[in-house]
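Protein chains in written order, with this note's numbering: chain P, 46 to 361; chain V, 9 to 316.
The hints are simulated quantities; they were obtained by calculation from the structure and are not laboratory data. Since the structure is predicted, the reported quantities are computational estimates derived from the model, not experimental observations. Every residue gets a Cβ at the ideal spot worked out from N, C-alpha and C, and that includes glycine. Careful: at least some of the hints might be erroneous.
A short, non-exhaustive set of chain V residues, derived as facing chain P with CB atoms under 7 Å [stated by the list, open to error]:
1. I150
2. A153
3. A156
4. F157
5. V169
6. I245
7. A249
8. I289
9. I290
To spell it out: a stretch of chain P is covered by chain V in this simulated footprint if at least three of its residues, at any positions, have a beta carbon under 8 Å from a beta carbon of chain V; those stretches are [to be verified]:
10. 129-136
11. 178-192
12. 329-336
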Amino acid sequence: MKAYILKRLLSIIPVLLIVAVIVFFIIHLIPGDPASVILGEEATPEDVQTLREELGLNLPIYEQFIHWFAGIFQGDFGNSIYMNMPVLEAFVSHIGPTLSLALLAQSISIIIAIPLGVIAAKRRGTNVDQLFMIIAMLGLSIPSFLLALLLMLIFGVNLQWLPVAGYSPVSTGLWSHLQFMILPAISLGAIQAAVISRMSRSSMIDILSMNYIKTAKAKGVKDRVVVYKHALRNAFIPILTILGETFGSLITGAVVTETVFNLPGIGQLVINAIVRRDYAVIQGTILLIAFSYLLLNLIIDLLYGLVDPRIRLSRK
Amino acid sequence: MRLMTSEVKLRDEVGIGNFKVMKNKLRSEQRRLFVRRFWANKSAVIGSIMLLFLSVFALFSPLVSQFSPLEIDPLNRLDSPNGTHWFGTDNFGRDLFSRVASGAQVSIGVGFSVAILTAVIGMIIGLYSAYYSVLDHILMRICDALMAFPDILLAVAIMAVLGPQPINVVIAVTISKIPSLARIVRSSALVIKEQTYIEAMQAQGASSGRIIWRHIVPNILSPLIVQLTYVFAVAIILEAALSFLGAGIPAPDPSWGNILFDGKVVIFSAWWMTVFPGIFIILTVLGLNLFGDGLRDLLDPHSNKANK
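Let the hints inform the model, and build the full structure from the sequences given.
Spelled out as structure tokens, the structure:
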């Protein structure tokens, strides 16, 4: 297992490097000189030149890259020109709402989706199954930001049950936090729920047709035990994969959902940074998101090994 | 001419003389069978009806509407839906029906171009990395790296580089969708590559270009076509999201995403600006997803017994 973990860890290093290169060069291709953007229209060419030197923008691009990349290893992602703070600090101060949103959405989707998928698989071909799958198909076809707008229209504007937009951190009380998070989390979790329920259904159907399930039933094991103990554990592997793969899209979705509900999360940080041409923030944030996505996939890969020993052995 | 296994058997039975006639009969019989299975497949039928309706709507409603999508009418700002303005008017008094219709052309156009471009480039990358293992290492690491970015952020960053133009929306969305398609093509091509008949071709000295394009491509086409309907759907969503964030189709040209963006500001007074473009986005994506699911069942009967 140790050798396996080490191998997987080493294998993401080249990917991390390519990610860094891509981020750096895309950002530096953005037209417009950040120094003149910062100083505004009235700045003299001399002032702009001084600031360029201060920011290191006068150096050749590969030197800038090496400088930036070396900094990352020391936890230095550069400084935000606008917010006057290190990028890492800005990232950390915005991660709260995004993480809370993503985790809430993920929990909502798991709580709804896995039972739905299992029930649909058990009652395969019945009306219940068809109804669930139609709902899942609908959920899959509504982009989260659109669902967000529609929920906002129904529950915020018409019924006025929940606030339309805004944010209050957990420290001000759980309820006032949740009040602002419910609509964003549902709109973000819906697609997720649709994907997971479809996946759990088909994976349960596959497993339920296996011989060892038939054997268990023939032995007289109770139906509930067969489904939840024998089948579900094996059905979990593809479900886990989907959870990992879609957690990335959850963060993606969070970016847009945050803008809809004015949540001060990572999405807002990046979008504002792009508007302001705050190079360091765009680079650092996108890089950190990509890194966490890769790490998350790694963790999920390693989790497979725990759930299913066969994988651990075969991948040695 | 490539013959199917059933056709080879037929040729051996009836002799080469009668074969041509019989082959045409067989092929038309297979076509008829496919049409019948298509009509029996609910998702495929419902999906194609929805897509047909949308295409007709996108093509012909500009002819029906008496208003230009860009015509500003300050006296009739935010009119609710009525006899003259079927979908109401927006915050500039522009007719929402013609804006949604013209947005349909933009969104469907962007989605379609993305699907085609992604298919071509993704297929080339996937095929060659499946065939040459050196290329595989390099290309797949780049794909891994690109897939580590949330697609919307990658697209927003690329839009910041290229500037807000419809063609750039196509480029940005295509770049963020190529890696996953290339991976799918690669994994299906890898399976085909291991087959005995490919080995036989190599032993006979067929060039790699011929093997790839004449013998691998036809066998990966059906999963590719199915994936394309999904790429199409995702492209529609991404375009809408980009325009909603203000990084997509630039105002005043309408797209479903930027109508929603305008609508968000007036969500308290004008529900129609959110609901109508929203319905069309959902219809399009739902239609494409249903069509894709149906197509998957039709083209590959083995793949999804579970989803029947």
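Results of checking the hints against the structure:
Evaluation of the I150(V) hint against chain P yields a held restraint, the C-beta minimum of about 6 Å falling below 7 Å. Because the closest C-beta pair between A153(V) and chain P is about 4 Å apart, less than 7 Å, the hint holds. The restraint placing A156(V) at the interface with chain P holds, with a minimum CB-CB distance near 4 Å, inside the 7 Å limit. A least Cβ separation of about 5 Å between F157(V) and chain P falls short of the 7 Å threshold, and the interface hint therefore holds.
The closest approach between the C-beta of V169(V) and any C-beta of chain P is roughly 5 Å, which is under the 7 Å cut-off, so the hint is satisfied. Given the 7 Å rule on beta carbons, the hint for I245(V) holds: about 4 Å separates it from the nearest Cβ of chain P. The criterion of a C-beta within 7 Å of any C-beta in chain P is met by A249(V), whose closest approach is roughly 5 Å, and the hint holds. With a least beta-carbon distance of about 6 Å to chain P, the hint placing I289(V) at the interface is held under the 7 Å criterion.
Hint status for I290(V): holds, given a least beta-carbon distance of 5 Å to chain P, under 7 Å. For the stretch 129-136 of chain P, the stated coverage by chain V is violated: 0 residues have a C-beta nearer than 8 Å to a C-beta of that chain, whereas at least 3 were required. Only when three residues or more bring their CB closer than 8 Å to a CB of chain V does the claim for the stretch 178-192 of chain P stand; here the count is 8, and the claim holds. Here's how the stretch 329-336 of chain P fares: 4 of its residues keep a CB closer than 8 Å to some CB of chain V, so the rule of at least three is met and the hint holds.
The structure is inconsistent with hint 10 alone, although it conforms to all the rest.
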